[in-house]
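Visitor: Each chain is listed here by its residues.
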Amino acid sequence: SQELEQSPQSLIVQEGKNLTINCTSSKTLYGLYWYKQKYGEGLIFLMMLQKGGEEKSHEKITAKLDEKKQQSSLHITASQPSHAGIYLCGAKQGGTSYGKLTFGQGTILTVHP
Amino acid sequence: DAGVTQSPTHLIKTRGQQVTLRCSPKSGHDTVSWYQQALGQGPQFIFQYYEEEERQRGNFPDRFSGHQFPNYSSELNVNALLLGDSALYLCASSLGQSNQPQHFGDGTRLSIL
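Residue numbers (the working numbering), protein chains in the order written: chain A, 811 to 923; chain B, 4 to 116.
Hints are not guaranteed to be accurate.
[Unchecked claim] Straight-line distance between alpha carbons at most 30 Å, and here's what the computed DSSO-like set of lysine-lysine pairs gives:
1. Lys848/A x Lys16/B
2. Lys861/A x Lys16/B
3. Lys16/B x Lys870/A
[To be verified] Only some residues are given here: those of chain A computed to face chain B with a beta carbon under 10 Å:
4. Gln816
5. Leu821
6. Ile822
7. Gln824
8. Tyr843
9. Gln847
10. Gly852
[As the list claims (entries may be wrong)] Some chain A residues flagged as far from chain B (calculated, every beta-carbon gap over 10 Å):
11. Glu825
12. Thr830
13. Ser835
14. Thr838
15. Gln860
16. Gly863
17. Glu864
18. Glu865
19. Lys866
20. Ser867
21. Lys878
22. Lys902
23. Thr912
Just so you know, these hints were derived from the structure itself, not from any lab.
This one's a predicted model, so the numbers in the text were calculated from it and none came from an experiment.
Here a beta-carbon is modelled for each residue, glycine too, at the ideal position from N, C-alpha and C.
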């Protein structure tokens, strides 16, 4: 079965600093989804990547899927306290259009004002 | 446009009891997936319902069962509760045959005493 490993497990940055979170898969990624979660709450969808080399941005967050489609990165520019939370990457197995998402263990981001 | 709604938000049960959690999908979605999230972990897939049938199942015992109704809403039932069943239970909805992202509710926090 597919496994996703996120690094780092936790990150503490000063407001205004840039940061990167990585998600590495044990198998080829056919769809990579980034979510953000506030402690004890639901997941908020951020971005979806499907093609190798694809890059998407929303406000100050950029996500990339590498050419070999086994790793994705999430980059936050000029971090703000509102960026704090748990970032999760999720992936679908195989090439099916439906089905379960397998998640990484999450990266806890703390942003100090 | 209502998103995914789950009820109840919190629940306290004792070992051996049974519990039913409910989920209403986002408008326009026909597929419901259930996940269990233990503290400090990523969500773990329980099962997915489409057209009122269980389409895919994760590695959870038969104590975990579900149902989907004609209006696409869903229930998760857990019998013979164990202490280890304490977790955040998340419902996600999506459009059945597409790669579009799953949208999550805020979850039900289940505590077993």
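Visitor: Taking the hints in turn, state whether each one holds.
Guide: We went through each hint and held it up to the structure:
1. Lys848/A x Lys16/B: Judged against 30 Å, a Cα distance of about 25 Å means the pair holds.
2. Lys861/A x Lys16/B: Cα-Cα ~45 Å, so violated.
3. Lys16/B x Lys870/A: Roughly 42 Å separates the two Cα atoms, so the pair is violated.
4. Gln816: holds (8 Å)
5. Leu821: This hint is violated: Leu821/A lies away from chain B, its Cβ roughly 15 Å from the closest one there, beyond 10 Å.
6. Ile822: Check failed: Cβ of Ile822/A comes no nearer than 17 Å to chain B, outside 10 Å.
7. Gln824: violated (25 Å)
8. Tyr843: holds (5 Å)
9. Gln847: holds (9 Å)
10. Gly852: Constraint on Gly852/A satisfied, holds at 4 Å.
11. Glu825: The claim holds: Glu825/A sits with its nearest Cβ about 25 Å from chain B, beyond 10 Å.
12. Thr830: holds (19 Å)
13. Ser835: The claim holds: Ser835/A sits with its nearest Cβ about 13 Å from chain B, beyond 10 Å.
14. Thr838: holds (15 Å)
15. Gln860: violated (7 Å)
16. Gly863: holds (17 Å)
17. Glu864: Answer for Glu864/A: holds, closest chain B Cβ roughly 13 Å.
18. Glu865: Fine: 17 Å to the nearest Cβ keeps Glu865/A off the interface.
19. Lys866: holds (12 Å)
20. Ser867: Non-interface label on Ser867/A holds, nearest chain B Cβ at 17 Å vs cutoff 10 Å.
21. Lys878: holds (20 Å)
22. Lys902: violated (8 Å)
23. Thr912: violated (7 Å)
Checked against the numbered hints listed earlier, the structure breaks hints 2, 3, 5, 6, 7, 15, 22 and 23; every other hint is satisfied.
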